[in-house]
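Protein chains: 2
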Amino acid sequence: MKPRINIITLGAENMERATQFYEQGLGWQKSKASSGDIVFFKLNGIVLALYPAHLLAEDATVPDEPRGFSRITIAYNASSEAEVDALIAKVEKLGATIIKPPQKVFWGGYSSYFKDTEGHLWEVAYSPFTTIDEAGNLVM
Amino acid sequence: MKPRINIITLGAENMERATQFYEQGLGWQKSKASSGDIVFFKLNGIVLALYPAHLLAEDATVPDEPRGFSRITIAYNASSEAEVDALIAKVEKLGATIIKPPQKVFWGGYSSYFKDTEGHLWEVAYSPFTTIDEAGNLVM
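Which chain is which? The protein sequence lines are Y and P, in order. When we follow the working numbering, the leftmost residue of the first sequence carries the number 1, and every step to the right adds one. When we follow the working numbering, the leftmost residue of the second sequence carries the number 1001, and every step to the right adds one.
Pulled out of the complex, with its shape left as it was, chain Y reads as follows:
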């Protein structure tokens, strides 16, 4: 098994609302591979998918039970503290819930968490210790 991930799928309670957030809100372009119940966004190599939560549970053959903490977070690295502030202001306008306002954190960076419209946790952070290459990937 090679060190790679191809698709991250976020189960959505409301596909229209979720698609609105990522496509119209963030301006991410839907892949032509999207069809029927599934929406794909091609990111930096990996693909982000949105899929109705109950169908994702059915596909994985697990019960779609109410969540506590998913124990998974997805991080977006920004290029400066100001960019973190600007991105958090933007997603809040788009209907995201700000869970942890931008702040200096123990590891020396500047970080914030929001929940997207479906409750998935995203961290938006700036780290003075890493840079981002042209493809948008962390150099580490």
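A portion of the hints provided could be inaccurate.
Stated by the list, open to error - Calculated cross-link-like contacts (lysine-lysine; reagent style DSSO-like; alpha-carbon spacing at most 27 Å):
| # | chain 1 | residue 1 | chain 2 | residue 2 |
| --- | --- | --- | --- | --- |
| 1 | Y | 42 | P | 1115 |
| 2 | P | 1030 | P | 1042 |
| 3 | P | 1093 | Y | 42 |
| 4 | P | 1104 | Y | 115 |
| 5 | Y | 32 | P | 1002 |
| 6 | Y | 90 | Y | 30 |
| 7 | P | 1104 | Y | 104 |
| 8 | Y | 42 | Y | 90 |
| 9 | P | 1115 | P | 1042 |
| 10 | Y | 104 | P | 1042 |
As the list claims (entries may be wrong) - So the derived list for chain Y, only partly shown, Cβ under 10 Å to chain P, looks like this:
| # | residue |
| --- | --- |
| 11 | 26 |
| 12 | 29 |
| 13 | 66 |
Claimed, not checked - Using C-beta positions, here's what the derived DEER-type ranges look like:
| # | chain 1 | residue 1 | chain 2 | residue 2 | range |
| --- | --- | --- | --- | --- | --- |
| 14 | Y | 37 | P | 1079 | 20 to 28 Å |
| 15 | Y | 30 | P | 1063 | 16 to 24 Å |
| 16 | Y | 32 | P | 1090 | 42 to 50 Å |
| 17 | P | 1133 | Y | 34 | 18 to 26 Å |
| 18 | P | 1035 | Y | 65 | 34 to 42 Å |
| 19 | Y | 103 | P | 1128 | 46 to 54 Å |
| 20 | P | 1104 | Y | 104 | 49 to 57 Å |
| 21 | P | 1082 | Y | 105 | 41 to 49 Å |
| 22 | Y | 131 | P | 1029 | 35 to 43 Å |
| 23 | Y | 36 | P | 1079 | 19 to 27 Å |
| 24 | P | 1065 | Y | 37 | 27 to 35 Å |
| 25 | P | 1063 | Y | 130 | 28 to 36 Å |
It is worth saying that the hints were derived from the structure and are not from the lab. In this text, a Cβ means the ideal position worked out from N, Cα and C, and glycines have one as well.
Once you've looked at the hints, dock chain P against the given chain Y.
Quick look at chain P alone, frame taken from chain Y:
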């Protein structure tokens, strides 16, 4: 906010067990950026991190409540049905729980789900409709 994800962090109940699964088990190489409580694996552009679940909850400022379905899945695309079978046999030996044995699925592919040692859902699938480029990324 550009279309990208930099880090996926999996909260671990037991860091030693989780690291054993990904590092010694799957043979993924730990990044030198790993330190203290956090382990990083550099994948195809994005980074996979392992971090104690209770500290991840603390970092995100959310309660570390027991989970139902996280509503997030991570997919690994294999190159053939036989490779799906082989990978599932391998992770089972490494202590993963096979949730959905490899099988033909409604969208025309061949798919399987397992939970890693910490309970995170991975799909291992073969799709006859997509190819994988040299970097390990889906062409779609």
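Now for the hints, and whether the structure bears them out:
1. Y:42 x P:1115: Within the cut-off at roughly 25 Å; holds.
2. P:1030 x P:1042: holds, 8 Å
3. P:1093 x Y:42: Answer violated: residue 1093 of chain P to residue 42 of chain Y is near 33 Å, above 27 Å.
4. P:1104 x Y:115: violated, 34 Å
5. Y:32 x P:1002: Given that 27 Å is the threshold and the Cα spacing comes to 19 Å, the pair holds.
6. Y:90 x Y:30: holds, 20 Å
7. P:1104 x Y:104: Violated - the C-alpha atoms of residue 104 of chain Y and residue 1104 of chain P are around 48 Å apart, more than 27 Å.
8. Y:42 x Y:90: holds, 21 Å
9. P:1115 x P:1042: holds, 21 Å
10. Y:104 x P:1042: Measuring from Cα to Cα gives roughly 25 Å; hence the hint holds.
11. 26: holds, 5 Å
12. 29: holds, 7 Å
13. 66: holds, 5 Å
14. Y:37 x P:1079: 20 to 28 Å: Holds, at about 26 Å.
15. Y:30 x P:1063: 16 to 24 Å: violated, 34 Å
16. Y:32 x P:1090: 42 to 50 Å: violated, 34 Å
17. P:1133 x Y:34: 18 to 26 Å: Holds - the Cβ-Cβ distance for residue 1133 of chain P and residue 34 of chain Y, about 20 Å, lies within 18 to 26 Å.
18. P:1035 x Y:65: 34 to 42 Å: holds, 35 Å
19. Y:103 x P:1128: 46 to 54 Å: 48 Å Cβ-Cβ, so the 46 to 54 Å window holds.
20. P:1104 x Y:104: 49 to 57 Å: For residue 104 of chain Y against residue 1104 of chain P, whose Cβ atoms are near 51 Å apart, the range 49 to 57 Å holds.
21. P:1082 x Y:105: 41 to 49 Å: With a Cβ separation near 45 Å, residue 1082 of chain P and residue 105 of chain Y satisfy 41 to 49 Å, so the hint holds.
22. Y:131 x P:1029: 35 to 43 Å: violated, 21 Å
23. Y:36 x P:1079: 19 to 27 Å: holds, 25 Å
24. P:1065 x Y:37: 27 to 35 Å: The hint (27 to 35 Å, Cβ to Cβ) holds, given that residue 1065 of chain P and residue 37 of chain Y are roughly 29 Å apart.
25. P:1063 x Y:130: 28 to 36 Å: Between residue 1063 of chain P and residue 130 of chain Y, where Cβ atoms are some 29 Å apart, the hint holds.
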